[in-house]
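These protein sequence lines are chains A and B, in that order. FYI, the numbering for the first sequence is 3 to 311, going by my numbering. FYI, the numbering for the second sequence is 3 to 311, going by my numbering.
No wet-lab data here; the hints were simulated from the structure.
Residues from chain A shown here face chain B by an in silico Cβ test under 7 Å; the list is partial: (1) Arg121; (2) Val271; (3) Pro273.
Covered stretches of chain A (chain B as the covering partner; in silico rule of three or more C-beta atoms under 8 Å from a C-beta of chain B): (4) 96-103; (5) 263-270; (6) 274-288.
Every residue gets a Cβ at the ideal spot worked out from N, C-alpha and C, and that includes glycine.
2 protein chains.
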Amino acid sequence: VALMFYSNDDPADRWRRALTDLMPDLDFRVWPDVGDPNEIDVALVWKPPRGELRRYPNLKAILSLAAGVDAMLRDDSLPDHLPIVRMVDPSLTDGMVEYVLLAVLRHHRMFDHYERMHREARWDYVFPPQAAERRVGVMGLGVLGGEVARALAAHRFPVAGWSRGPKTVAGVECFHGGDGLRSFLARTEILVCLLPLTAETADILNADLFARLPRGAAVVNVARGGHLVDADLIAALDSGHLSGATLDVFREEPLPPDHPFWRHPKILVTPHVASYTVPESAAAGVVESVRRVRAGEPLLNVVDRGSGY
Amino acid sequence: VALMFYSNDDPADRWRRALTDLMPDLDFRVWPDVGDPNEIDVALVWKPPRGELRRYPNLKAILSLAAGVDAMLRDDSLPDHLPIVRMVDPSLTDGMVEYVLLAVLRHHRMFDHYERMHREARWDYVFPPQAAERRVGVMGLGVLGGEVARALAAHRFPVAGWSRGPKTVAGVECFHGGDGLRSFLARTEILVCLLPLTAETADILNADLFARLPRGAAVVNVARGGHLVDADLIAALDSGHLSGATLDVFREEPLPPDHPFWRHPKILVTPHVASYTVPESAAAGVVESVRRVRAGEPLLNVVDRGSGY
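Pulled out of the complex, with its shape left as it was, chain A reads as follows:
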């Protein structure tokens, strides 16, 4: 039996080393050199070529190299009967927590404003409120959203979270569903989107949602470009209703050079760098999945294809 690896974005050699350090007898095969397709029982992949995973008759599980599986699920050639396991990686989580803390602090402490003042040589001596008076809201309370909410609360921000169904996160005021969304938005001055991208959450960051945020709110999107209606964000910034946005994900990546997000004075574009899977840190979880597949034990972190995450 062997593991088949496919990704255009992840380092195959580092993955091989990290996995075989923990599981020396692992037969790690990088696409297209996969040998006999009958021998492959696990695929560790990101966006494999269409139909590719149907070539392995004895495949038992698909392990995603990314935490967000929306792009994989859009591929209707994926074998329907196989479990898909999302990536859970402590370094990926740490990286996301760090990026969001930075983005939220930057809006909170008005560095976006001072950056504009710096370019205009203007000394604008204004103080922000203290963290304990700045209400932050996190949409999506999965592995990443939950950790981000906890970290922001640990920094003394009053933090609320919103999710589709009810959840509990220590130190975080939790809202859920359509009714909860209105109350959540009305109290949120800095909004962080960490939702999975599904049919229900596509386009959720739109004019109607922005209008429910208090005037002067800022938005941080680190989930998927498909959550955000680009033109609605620009309109809300230009009207002055929103004060700023930090965007790491886009409908088209790289963001095209003529996109209006570039150079917009109230937007910071970062090139999808909030967080990334670190093989050395993620390998333990992958090895555990491989072990469970081969022992016939139930897998952890399996995607619910019905809800799309």
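Since chain A is already given, all that's left is putting chain B on it; use the hints.
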């Protein structure tokens, strides 16, 4: 007996409320309405008029409204025999920790770089190292520097501290003195200055110091403008030896509109907003000082005029 208050920058009314909430019988007098000078036993002040504090024959202590007392000590009209107490305020500390964490994360996660790329509409997909691989150094391990170093270490940065004499901070590698400075600088990729401004530390951030930092290092100055040789910083940035700087304090404030720091693409100027004294949070410490003065007990946080801090 009565307390005399003087400041052009601090809100007298909030101070009166905060102090009398805790000490209802406190006679709080705002300059120039100080009444009988013989009745004043404590001065709570920031940069009082020259010679003013010599007018109170029964004055027993000078309480500074700021943590850094260099500006007060430059006034040689201050009565020599009186203790000067520096401001220690939990909110001031929290604000400083928050600002420095933001400034350090911003350099660490390359937001300064992405800000430039944003203005050029350039998608530059490069990842920083993880926090555990980014060495941060804090110069000055007093109340503020010590807390900042601890907070950066809690964020998993490998943190070193440097001070004039030997100090110990849990989780922080501590260097001291002239010999320690070289080793401290050689390993520091993001340098934070939180030193007191004294004859020894004036101009310490100069060409020689910058040359001892590794190539690509960034500098954060939240202490005093007098620590930094402005032209040396610009030369080190323009040569590419340093990658960026965040500056909150300047030799002249507001920073003059024609100063080369403004608009420099590798510098962010913020208008002395890293941290400020919050009366409601600082009042307990002031009340304790007043109580000790009147009970004849030794004061806490007394400035050593010999060393200048």
